[in-house]
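Generate coordinates for the entire structure from the input sequences, incorporating the hints supplied.
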Amino acid sequence: GAVVSQHPSWVICKSGTSVKIECRSLDFQATTMFWYRQFPKQSLMLMATSNEGSKATYEQGVEKDKFLINHASLTLSTLTVTSAHPEDSSFYICSARVRRVTDTQYFGPGTRLTVL
Amino acid sequence: KQEVTQIPAALSVPEGENLVLNCSFTDSAIYNLQWFRQDPGKGLTSLLLIQSSQREQTSGRLNASLDKSSGRSTLYIAASQPGDSATYLCAAQRGNTGKLIFGQGTTLQVKP
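Which chain is which? The protein sequence lines are A and B, in order.
Numbering-wise (my numbering), the first sequence opens with residue 5 and increments by one.
Numbering-wise (my numbering), the second sequence opens with residue 8 and increments by one.
One or more of the hints may lead you astray.
[Unchecked claim] List time: in silico DSS-like cross-link candidates among lysine-lysine, alpha-carbon distance up to 25 angstroms:
| hint | chain 1 | residue 1 | chain 2 | residue 2 |
| --- | --- | --- | --- | --- |
| 1 | A | K24 | A | K59 |
| 2 | B | K49 | A | K59 |
| 3 | B | K49 | A | K45 |
| 4 | A | K68 | B | K118 |
| 5 | A | K59 | A | K45 |
| 6 | B | K8 | B | K75 |
| 7 | B | K106 | A | K68 |
| 8 | B | K106 | B | K75 |
| 9 | B | K8 | A | K45 |
| 10 | B | K118 | A | K45 |
| 11 | A | K18 | A | K70 |
| 12 | B | K118 | B | K49 |
| 13 | A | K18 | B | K49 |
| 14 | B | K106 | A | K70 |
| 15 | A | K70 | A | K45 |
| 16 | A | K24 | B | K75 |
| 17 | A | K24 | B | K49 |
| 18 | A | K59 | B | K118 |
| 19 | A | K70 | A | K24 |
| 20 | B | K8 | B | K106 |
Please keep in mind that the hints were generated in silico from the structure rather than gathered at the bench.
Written out as structure tokens, the structure is:
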């Protein structure tokens with residue numbers, strides 16, 4: 005089956021530092037990946053759409069200079085949280101879109117970010 | 008603007024019971040509707056996907072229905088097991104963009 009990995013699975017950093025999270029589709033190519041964030045006991049909120057070889061499209065209210073997204077290849081998208089602050093602490097999940105018989109998204113296991 | 012709501016927020020049932028989780032959406036012009044399972048601290052596992060032209064999908068003990076006219080979807084779990092304990096999320100896809108709008112989820116606990 006389609007597998008999506010994320011690295012790291014968890015990270016703790018100091019305020020003001022930048023953190024990069026990787027999302028990889030392991031056994032398929034994904035022209036489109038999505039980044040979500042999830043606060044405790046809340047649902048997933050779409051942050052941005054990442055298309056291979058082009059600029060990411062951000063949802064309303066998401067700072068593009070704060071959350072840098074790069075989709076360098078058909079199997080890798082990265083999310084960099086710049087100048088992280090405690091309010092950026094959250095669970096970040098990526099998904100990769102596969103359009104075959106059905107339009108399906110496969111989700112990564114998530115990355116827990118804690119900013120001190 | 009599409010809004011997705013799930014009721015109840017939490018549910019506790021004894022093992023073996025059949026149960027129904029509800030999902031409602033405000034904009035009937037959906038591309039598809041999906042049900043996911045999320046275990047604590049983990050990512051999402053896709054359970055069922057219903058295309059906008061379909062009425063239901065089945066996988067093992069799970070059956071999902073879709074009624075676009077009323078803006079509702081249900082996930083039916085038969086003969087529940089403790090291993091079914093998790094949070095269940097429904098998500099409506101916005102057009103052909105792939106963007107998913109999630110409900111808040113229903114946290115299910117199946118007691119042995």
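Violated constraints from the hint list, given by number and in increasing order: Result: hints 2, 4, 5, 16 and 18 break, sorted rising.
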